[in-house]
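Participant: Residue numbers (the working numbering), protein chains in the order written: chain A, 1 to 180; chain B, 1001 to 1180; chain C, 2001 to 2180.
By construction, these hints were calculated from the structure, which means they are not laboratory data.
Only a predicted model underlies this, so the values are computations on that prediction, with no experimental measurement involved.
Accuracy of the hints is not assured; some may be wrong.
What the hints assert, rightly or not - Derived CB-CB ranges, DEER-like:
id, chain 1, residue 1, chain 2, residue 2, range
1, B, Arg1176, C, Thr2119, 17 to 23 Å
2, A, Gly145, C, Pro2023, 45 to 51 Å
3, C, Lys2123, B, Pro1018, 38 to 44 Å
4, C, Asp2163, B, Pro1018, 47 to 53 Å
As the list claims (entries may be wrong) - Residues from chain A that keep clear of chain B, each with C-beta distances beyond 12 Å, as calculated:
id, residue
5, Arg83
6, Arg118
7, Ala140
8, Gly172
Ideal Cβ placement from N, Cα and C applies to all residues, glycine included.
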Amino acid sequence: LSAAGESEIDPGAVLGHPAERAPDLGPLRLGPGARVRSGSVLYDGSTIGPGLQTGHNVVVREQCAIGADVWIWSNSVVDYGCRIGSGVRIHSNCYVAQYTTIEDGAFLAPGVVTSNDRTMERKELEGPTIRRGARIGCNATILPGVVVGAGALVGAGAVVTRDVPDGAVVYGNPARERRP
Amino acid sequence: LSAAGESEIDPGAVLGHPAERAPDLGPLRLGPGARVRSGSVLYDGSTIGPGLQTGHNVVVREQCAIGADVWIWSNSVVDYGCRIGSGVRIHSNCYVAQYTTIEDGAFLAPGVVTSNDRTMERKELEGPTIRRGARIGCNATILPGVVVGAGALVGAGAVVTRDVPDGAVVYGNPARERRP
Amino acid sequence: LSAAGESEIDPGAVLGHPAERAPDLGPLRLGPGARVRSGSVLYDGSTIGPGLQTGHNVVVREQCAIGADVWIWSNSVVDYGCRIGSGVRIHSNCYVAQYTTIEDGAFLAPGVVTSNDRTMERKELEGPTIRRGARIGCNATILPGVVVGAGALVGAGAVVTRDVPDGAVVYGNPARERRP
Chain A
1 LSAAGESEID PGAVLGHPAE RAPDLGPLRL GPGARVRSGS VLYDGSTIGP
51 GLQTGHNVVV REQCAIGADV WIWSNSVVDY GCRIGSGVRI HSNCYVAQYT
101 TIEDGAFLAP GVVTSNDRTM ERKELEGPTI RRGARIGCNA TILPGVVVGA
151 GALVGAGAVV TRDVPDGAVV YGNPARERRP
Chain B
1001 LSAAGESEID PGAVLGHPAE RAPDLGPLRL GPGARVRSGS VLYDGSTIGP
1051 GLQTGHNVVV REQCAIGADV WIWSNSVVDY GCRIGSGVRI HSNCYVAQYT
1101 TIEDGAFLAP GVVTSNDRTM ERKELEGPTI RRGARIGCNA TILPGVVVGA
1151 GALVGAGAVV TRDVPDGAVV YGNPARERRP
Chain C
2001 LSAAGESEID PGAVLGHPAE RAPDLGPLRL GPGARVRSGS VLYDGSTIGP
2051 GLQTGHNVVV REQCAIGADV WIWSNSVVDY GCRIGSGVRI HSNCYVAQYT
2101 TIEDGAFLAP GVVTSNDRTM ERKELEGPTI RRGARIGCNA TILPGVVVGA
2151 GALVGAGAVV TRDVPDGAVV YGNPARERRP
C-alpha cells in the first residue's frame, strides 16, 4: 500500500488480493483515508485515490484506475480494467463490467449492471461509458459500448441499448428518451 | 446484545458493527433464537425481534426496526431506517432502500430492489411501502414512495412506478394491473 | 472433502457449511483443482466436479450436482437442489433458484436471476432449464419452469416468461423472439 495511514480497515477485509489473471501489475496502490468494511476485497494491480469508502463484501479487481472520494457500497463488484473518476458513487449490489468508464460525479443506484459483451461469446469486451454526473437508476442495465451522456438520468429498471444524449432522461425496456 | 442466548452465530459474522453515520443510536438489540450465517453484518442501532434468520453476507444497517421471525437470505442488504414487520421474507441479492416499510408477511423474491430517491440528487429520500402479505417477484424494482397494497402480487422483472391496489396483480415495465 | 489436493482455498472461505435444512446428505464432495476465493461458502451435501472456480462471497447450497470446470463469480448464489453441467459460467451477482437445471457450456451474465415459484406461495417450486450453450444476458429474469433452448441468446434485461426455442434470440419485457 502506498499509504494506509489514516485509513480504517475492518477485520476480514483484504487489501492486495493476488491478481492471478495478471500477476505482473504490481501491488494495490490505495490512497490515504480509506474506509474499507468487512468482507471487502481490493486486488493488487489497481490504483485508487484518497478517501475510498466501501461497504461490506465489495470486490474491486485488478487494473482499475479509480479517482478520489469514491464510494462503493455493499455487495458491489468492480471488475478488472475499469476507469472510474472522482466523487463517483456506486451503490449496493451493482456490477461494473470490465472496461467500463465512469466519469467524475456519476451515480449508480443499487442493482445497476453494466455489460461489455454483446454476443456473450467472450471474444471482444467493450465496456460502456457513463459520463460526468450521469445518474443511473436502480436495477438499470447498460449495454456494451453505450455512452450515457453527462448529466443524463436513466430511470429505474431501464435497459439502455443506445447512446443517451447529455442531460437526457430515458427509461423503459428498451430505454427511450422521454423529456429533455 | 439484549439476548444472544439460544442464538447461533457463524464465525465471521459481525453483530454490532459501528454505525459511523449515527453513533448515538445505542447497541444492536437482537432478539433470542437468531441464526446469523457467515459474512453477515448487523449494525448497532437497530432493533430486531426474535427468530431472525440470515443467509451469508447479509448487511442490516442501523436505525431499523425489524419484527419477529424475519428471514433475510444471502447477499441482501437492508439499508438504514427501515421498518420491517414480522414474518417477512427477504430473499437473496435484494436491496432494501433507506426508509422502506415492509409489513407483516410480505415476501421479496431474489433480486428485488426498492428505491427512495426519484431524482438521485440525494436530497429527499422517501422509501416505498410494501403492505401486509404482498409478494414481489424476482428482480422487480419498486420506485420511491410507491405503496404496494396488501396481498398484491408484483410479477418478476416488474418496474413499479405507481401505487398498486390491495390484492392486485401487476407486471411489466412499467408495471400495469393485469387481473384482479 | 474427497480431494482437496491441488486446490487453493482462500482464508475465510468455508468448505462444508452444515446443511441445516437437510443434515443427512453427507459431506461436500469437491473435485480436485478447486480455486475458492474469500467469503465463499460451499455447503455439505453437494457434489462438485474438478476445476471449480469461485469469486468472492459465492454461496453454493446443499443437494446440488455440479459438473467439471464450472466458474461462479463474486456475490452469486446457487440455491439448493440445482443440477449444473460442465463448463458452465455463472457470472457475478446472479441468483440460481432451487431446482434450476443449467446444461453444459451455458453462460449466465451478471445479475441474472432464475425463479421457481410462480405464485410466491412457496408451495410448489419448479426451476427453469437452461439448455446447452444458452447465453443469458445481464439482469435477465427467467420464470419458473421455462426452458431456454440450446444455444439460445436471451438479451440483457429480458424477462423470459415462455419457453425459448433452440438457437432463438429473445429480449424485452416480456421477452419475445426477434430473429432466428
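Participant: Of the hints stated earlier, which fail here?
Facilitator: Hints 7 and 8 not satisfied by this model.
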